Amino acid sequence: MRVHGEVSDDEAAAAAVTVVGETVLPSSPPPASAAGQQPQPLVVGYALTKKKVKSFLQPKLLALARKKGIQFVSIDETCPLSEQGPFDIILHKLTSKEWQQVLEDYREEHPEVTVLDPPNAIQHLHNRQSMLQEVADLNLSNGYGEVCAPRQLVIMKDPSSIPNAVAKAGLTLPLVAKPLVADGTSKSHELSLAYVEASLPLLDPPLVLQEFVNHGGILFKVYIVGETIQVVRRFSLPDVNTYDLGNNDGIFRFPRVSCATNNAEDADVDPCIAELPPKPLLEKLGRELRRRLGLRLFNIDMIREHGRKDRYYVIDINYFPGYGKMPGYEHIFTDFLLSLVQSKYKSHLSGS
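Using my numbering, you'd call the opening residue of the sequence shown number 1 and step up by one each time.
Hints in this document: simulated from the structure, not taken from any laboratory. These numbers come from a predicted model, not from an experiment. Keep in mind that a hint or two might mislead.
Stated by the list, open to error - Heads up, simulated PhoX-like pairs for lysine-lysine below, C-alpha to C-alpha not over 20 Å straight-line:
hint: 1; residue 1: Lys52; residue 2: Lys97
hint: 2; residue 1: Lys50; residue 2: Lys309
hint: 3; residue 1: Lys187; residue 2: Lys51
hint: 4; residue 1: Lys157; residue 2: Lys97
hint: 5; residue 1: Lys97; residue 2: Lys68
hint: 6; residue 1: Lys50; residue 2: Lys68
hint: 7; residue 1: Lys50; residue 2: Lys187
hint: 8; residue 1: Lys157; residue 2: Lys187
hint: 9; residue 1: Lys68; residue 2: Lys284
hint: 10; residue 1: Lys93; residue 2: Lys168
hint: 11; residue 1: Lys93; residue 2: Lys157
hint: 12; residue 1: Lys52; residue 2: Lys344
hint: 13; residue 1: Lys344; residue 2: Lys93
hint: 14; residue 1: Lys325; residue 2: Lys60
hint: 15; residue 1: Lys157; residue 2: Lys168
Stated by the list, open to error - Taking CB as the label site, the calculated pair distances span:
hint: 16; residue 1: Gln71; residue 2: Gly170; range: 31 to 39 Å
hint: 17; residue 1: Pro59; residue 2: Asn142; range: 37 to 45 Å
hint: 18; residue 1: Ala165; residue 2: Asp137; range: 20 to 28 Å
Backbone N, C-alpha and C define an ideal beta-carbon position, used for all residues, glycine too.
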């Protein structure tokens, strides 16, 4: 697995990559269909929202893809998928049940096409309760630290019952409230911070309540593309102190924890807070979550408990995140796409 730490735009453009552990296959065009012929292009069909197309298919990605023999082709949702293509790979991030069924049927009819990622696996991340249960079940710990999920409680309805439910579950205030459904919409990224019990009935179920963990106001976005990992710092919610708990009695609402404008890479931050999580810990976390989730394109929102250098919490997992915000993403993603077809070609030659 390759782990990328901090890289500048210039370094990314030069594809300066640190290799840790397994070596990723070198990027090269797909094999020629016959001796003496030009290599066939790697055709990647995509079914994405207009917003996702704009953020992901940036000119620098398209230009590099052309150089490497990769062709991106838009999928028309109004036409039968089986009549389009042929495709080598399909990228998608549409959430309708109709589309998911279309894609599942297509996978059965065309097992030779790599679908990133299987719709049934993605569904697991649309529910914040099941999403973080995978992390909790990991019980991941090694010599470099431990990774946990914050204690949480699901509230389906009846806001008036929340205080009793919180007391019964033994959760400690303040609490972060997030929508139960995480479907990639702006609303699904909204969150609220409740400081006192009296404010809990003001929340709007269905939702997940998570214990707030002080983390120095820094969040680590851990991007995963196949076996490659890259970490980027983002500003997050500030720590909560005794004064805050005694002088805030309402609900504080935030559009989302982090965004592109909250880049903390060049900020003047305490080195102990800004230090990236250890590579071996991220390697193990990424490997285990890929296996458990059955996904290859996702990111992890991760925090370090303030005052505990070796304790980390995963607070969110997102499918096909905003890779366009990741330094050097065009190199990482095109290498990943080529490695998929190379791996399939080698399997074909070996007869497996």
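Now the hints, each set against the structure:
For a cut-off of 20 Å, the pair hint linking lysine 52 to lysine 97 stands: about 19 Å separates their Cα positions. The suggested pairing of lysine 50 with lysine 309 is violated, with an alpha-carbon distance near 41 Å, which exceeds 20 Å. Pair hint lysine 187 plus lysine 51 holds up; C-alpha atoms about 15 Å apart against a cutoff of 20 Å. The straight-line distance between the Cα atoms of lysine 157 and lysine 97 is roughly 24 Å, outside the 20 Å bound, and the hint therefore fails.
Distance check on the hinted pair: lysine 97 and lysine 68 sit about 34 Å apart at the alpha-carbon level, beyond 20 Å; violated. Note on lysine 50 and lysine 68: the hinted pairing is violated, with a Cα-Cα distance of about 25 Å set against a maximum of 20 Å. Proximity of lysine 50 to lysine 187 is assessed by CA-CA distance (about 18 Å); at most 20 Å being required, the pair is judged to hold. Restraint check: the Cα-Cα separation between lysine 157 and lysine 187 comes to about 18 Å, which is no more than 20 Å; the hinted pair holds.
A threshold of 20 Å between alpha carbons decides the hint, and for lysine 68 with lysine 284 the separation of about 31 Å lies outside it, so the pair is violated. Distance check on the hinted pair: lysine 93 and lysine 168 sit about 38 Å apart at the alpha-carbon level, beyond 20 Å; violated. The suggested pairing of lysine 93 with lysine 157 is violated, with an alpha-carbon distance near 29 Å, which exceeds 20 Å. Note on lysine 52 and lysine 344: the hinted pairing is violated, with a Cα-Cα distance of about 27 Å set against a maximum of 20 Å.
Restraint check for lysine 344 and lysine 93: the C-alpha separation of about 23 Å exceeds 20 Å, so the hint is violated. Restraint check for lysine 325 and lysine 60: the C-alpha separation of about 13 Å stays at or below 20 Å, so the hint holds. A threshold of 20 Å between alpha carbons decides the hint, and for lysine 157 with lysine 168 the separation of about 16 Å falls inside it, so the pair holds. The beta-carbon spacing between glutamine 71 and glycine 170, approximately 55 Å, falls outside the hinted interval of 31 to 39 Å.
Range check, proline 59 to asparagine 142: Cβ separation about 41 Å, and the 37 to 45 Å hint holds. For alanine 165 and aspartate 137, the hinted distance range of 20 to 28 Å is satisfied, since their beta carbons lie about 23 Å from each other.
Checked against the numbered hints listed earlier, the structure breaks hints 2, 4, 5, 6, 9, 10, 11, 12, 13 and 16; every other hint is satisfied.
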